[in-house]
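Engineer: Could you put the whole structure together from the sequences, leaning on the hints where they help?
Protein chains: 2
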Amino acid sequence: MISKVKNAMSNLVGGMMPHGHHHHNHHSAGGQNSGQESLPHRFPYGRPDFLDLTPELLQYSTEHASRPVVTLKRGTRLSWGAGYAEAINAGKSMLNEDQASCEKLFVRKPSGKHRNSTLVDDNGDTTGIPLQFWGVFDGHAGSGAAIMASKLLHRIIRDGLGEICHLLENPNSAPPICLAKNGSPFQAEAKKGATPESAEDPDAVCDASVRFYMEKVVSLESLVMGVIETAFKQMDDLIEKEKTSYAISGGCCALAAIYLMGKLYVANAGDSRAIIIRNNEVIPMTNEFTPESERQRLQYLGFLRPELLGNEFTHIEFPRRIQHSELGKKMLYRDHTMTGWAYKTIVEDDLKFPLIYGEGKKARVMATIGVTRGLGDHDLKVYNSNIYIKPFLSCVPEVSLNFTTCQLRLRSHLTVSARVASVS
Amino acid sequence: MISKVKNAMSNLVGGMMPHGHHHHNHHSAGGQNSGQESLPHRFPYGRPDFLDLTPELLQYSTEHASRPVVTLKRGTRLSWGAGYAEAINAGKSMLNEDQASCEKLFVRKPSGKHRNSTLVDDNGDTTGIPLQFWGVFDGHAGSGAAIMASKLLHRIIRDGLGEICHLLENPNSAPPICLAKNGSPFQAEAKKGATPESAEDPDAVCDASVRFYMEKVVSLESLVMGVIETAFKQMDDLIEKEKTSYAISGGCCALAAIYLMGKLYVANAGDSRAIIIRNNEVIPMTNEFTPESERQRLQYLGFLRPELLGNEFTHIEFPRRIQHSELGKKMLYRDHTMTGWAYKTIVEDDLKFPLIYGEGKKARVMATIGVTRGLGDHDLKVYNSNIYIKPFLSCVPEVSLNFTTCQLRLRSHLTVSARVASVS
Chain A
1 MISKVKNAMS NLVGGMMPHG HHHHNHHSAG GQNSGQESLP HRFPYGRPDF LDLTPELLQY
61 STEHASRPVV TLKRGTRLSW GAGYAEAINA GKSMLNEDQA SCEKLFVRKP SGKHRNSTLV
121 DDNGDTTGIP LQFWGVFDGH AGSGAAIMAS KLLHRIIRDG LGEICHLLEN PNSAPPICLA
181 KNGSPFQAEA KKGATPESAE DPDAVCDASV RFYMEKVVSL ESLVMGVIET AFKQMDDLIE
241 KEKTSYAISG GCCALAAIYL MGKLYVANAG DSRAIIIRNN EVIPMTNEFT PESERQRLQY
301 LGFLRPELLG NEFTHIEFPR RIQHSELGKK MLYRDHTMTG WAYKTIVEDD LKFPLIYGEG
361 KKARVMATIG VTRGLGDHDL KVYNSNIYIK PFLSCVPEVS LNFTTCQLRL RSHLTVSARV
421 ASVS
Chain B
1 MISKVKNAMS NLVGGMMPHG HHHHNHHSAG GQNSGQESLP HRFPYGRPDF LDLTPELLQY
61 STEHASRPVV TLKRGTRLSW GAGYAEAINA GKSMLNEDQA SCEKLFVRKP SGKHRNSTLV
121 DDNGDTTGIP LQFWGVFDGH AGSGAAIMAS KLLHRIIRDG LGEICHLLEN PNSAPPICLA
181 KNGSPFQAEA KKGATPESAE DPDAVCDASV RFYMEKVVSL ESLVMGVIET AFKQMDDLIE
241 KEKTSYAISG GCCALAAIYL MGKLYVANAG DSRAIIIRNN EVIPMTNEFT PESERQRLQY
301 LGFLRPELLG NEFTHIEFPR RIQHSELGKK MLYRDHTMTG WAYKTIVEDD LKFPLIYGEG
361 KKARVMATIG VTRGLGDHDL KVYNSNIYIK PFLSCVPEVS LNFTTCQLRL RSHLTVSARV
421 ASVS
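If you read the protein sequences in the order shown, they are chains A and B. Once you know that position 37 of the first sequence is 37 in UniProt numbering, the rest is easy, because the numbers rise by one and skip nothing. Once you know that position 274 of the second sequence is 274 in UniProt numbering, the rest is easy, because the numbers rise by one and skip nothing.
Hints may contain errors.
The list makes no distinction among identical chains, and a pair is therefore deemed to hold if it is satisfied within one copy or across any two copies.
What the hints assert, rightly or not - Each computed SDA-like pair below joins lysine to any residue, with the alpha-carbon atoms no more than 25 Å apart:
1) Lys344 to Ile156
2) Lys109 to Ser219
3) Lys390 to Glu307
4) Lys109 to Phe133
Don't read these hints as lab results, they were simulated from the structure.
Structural biologist: Okay, here's the thing in structure tokens:
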């Protein structure tokens, strides 16, 4: 069910760059991975495990001249009969920087041995709640982050779900607002607001009626969404942490589809896409996060924290660069509050480069990156500067929740792809 | 076409409060309008001009015991045959704090005499581009801001459109990116990017190819949207400025529908609603801006600028207040990046009151206000504190653009209302 078809570039590029000339990077990634040359790789380079490539086939898959389409071996079956195809995106990088994973896991209560160990796989133990995972990781400026995420993100999600396993096992009772200190095993819920306040809280009596009577009901599904959102953040933090010990190059968009207990969750941080095809109708399951779609969020950050723009960029958007000779004239602009355009008198500050610049696939954040969510990129700086891009990027996915198993399995096809050229 | 039906409260409230007990204010508005008692009113209190109430009818309309439904006089016709009805919202305030306007104006180039004078009405001069305006201003904590906006917002929009009048008169040519210093009359567009850079800009030559070839095409409609967005900001700034000389109490949600050159623009800052009824189908023209719908925007501001929370509030959302005795336990939470919920260990900081608290119509920003966009409220503070609410409120509307004149006039009805109970 997964089909991954890469853009076939219409023209070959003569000289190959070893790194850093991915479409996301306008300039080469200055400062990215600096000082990491001597560190070992966190994971060796490879193609997705489920392709099961021999060293010869792995070498063959990197041939820019032939650019073979790599698919599953005849007879290989991924879960749910998922399909897969990829081709190196000639001209952008020496190696294919994108990764994918397709895993069946089991959610269990964390045991002392396994707790906080995301490296543990299931080792054939099929007890617990089954979890089906598909992931696509569209790498840029190196493949390190994409490889690491393809190896670990599903395990982080599984372990996060393990922490609420006792709640998943009681799907008909609403999750408690408050848990005991150890979190698990589940203890009695904290007393509801209408009960008398504890004597420890001197404020409690006087305005208990205002403050304590309300208690929101939180659904089990929104807890699963919270686990997925948190897992992306944990994955991103882990990349940052392990960069001190390993060479983990670049960054990646991350798209994960998670099937759990009859429901499909699709989490997207970046500009990959997941669609459902149902009765020949295409149902988008994701929104894309780009400098254009997230313009106002980024401008708002630049407005509130101008120091992040390093005195080189302006958070105001203009339809083109302003020339010095145009000072005092009036030019169209948009700030973080606007959807329409208005004229403003050009002042010296407006000559700075716009934080968001360019249109469509050429739109960039600080002239550097064309996508605004994903994992990694902790060292990514604006070319020839000390301005970090990372504060403007978000590692948190948007999670959508739509289909029940019956609908999905019997009448629909789920397609997940990075940079879709065509899907079938 | 405008129908305005207020919630009929199902039970009368015994004691009336003179001010400040609007549904938007949880506590009474501490600090609001402080020191303004001795200032004259900017505009006298009244009901919308088009109701043409006599002093006796005005007095009658304020009777809480009878709460008459006030409608247009028999034989009165608003533009487009618009309708109107209102009733005082018994128990919330002494006077009806909501206002409305329905105006036909004409957009002309600004002349020296009229420039920057938003108080000028058309005085029967019907030259220029016709503009039909409907506005609803749902006031709270006083009627001053709502009255002022109902008198002036349409004129600010008209004058803003006057500044681009020369562009509106040439609807088939794309608006120029850059105008001469005086802005008007229209001069030749700045040279396109492909021309050689001026010698004044030493940076220009080296990366001209990167920076200067792109120029966005901006539509005339997005200029009109920009004028409307800017006008709301100007209206809000004017209220703030004139508060130094006049008593202008409270704040208001603002919803404006503007018909110009065959297109309808609906601008909404608050929780009022505009709908189109077409073939008995209801088409929403607005989204509502409430603590729940704007939760993540507000939390993000509180996260980036914690000083605005005055050490009293936390930007993290919890499903209920936390008791001191629960320190160290785990509680569900959401931060500004999350849609789902997750558990966190409760620390001292989490005992602060949540920035966003409550559900549905009871949701409040800093326990004070139930709406997150609008005009006015510059002095509004958290009860018994020096924490201002205004930084969390936005005066900028969301502008939608949908229908052509033919569709709208022949087959549809536009209904604009504050706190809709029922519409017909």
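Engineer: Each hint should be assessed against the structure and marked as holding or not.
Structural biologist: Status of each hint after checking the structure:
Only between protomers do Lys344 and Ile156 lie at most 25 Å apart by alpha-carbon distance; the minimum there is 17 Å, versus 49 Å within a single protomer. For the identical chains of this complex, Lys109 and Ser219 are intra-copy neighbours only, at 20 Å inside a copy versus 57 Å across copies, given an alpha-carbon limit of 25 Å. For the homomeric pair Lys390 and Glu307, the shortest alpha-carbon distances inside one copy (14 Å) and between copies (24 Å) are both at most 25 Å. Taking the shortest alpha-carbon separations for Lys109 and Phe133, only the intra-copy value of 19 Å comes in at or below 25 Å, while the best inter-copy value is 62 Å.
Hint compliance for this structure: every hint is met.
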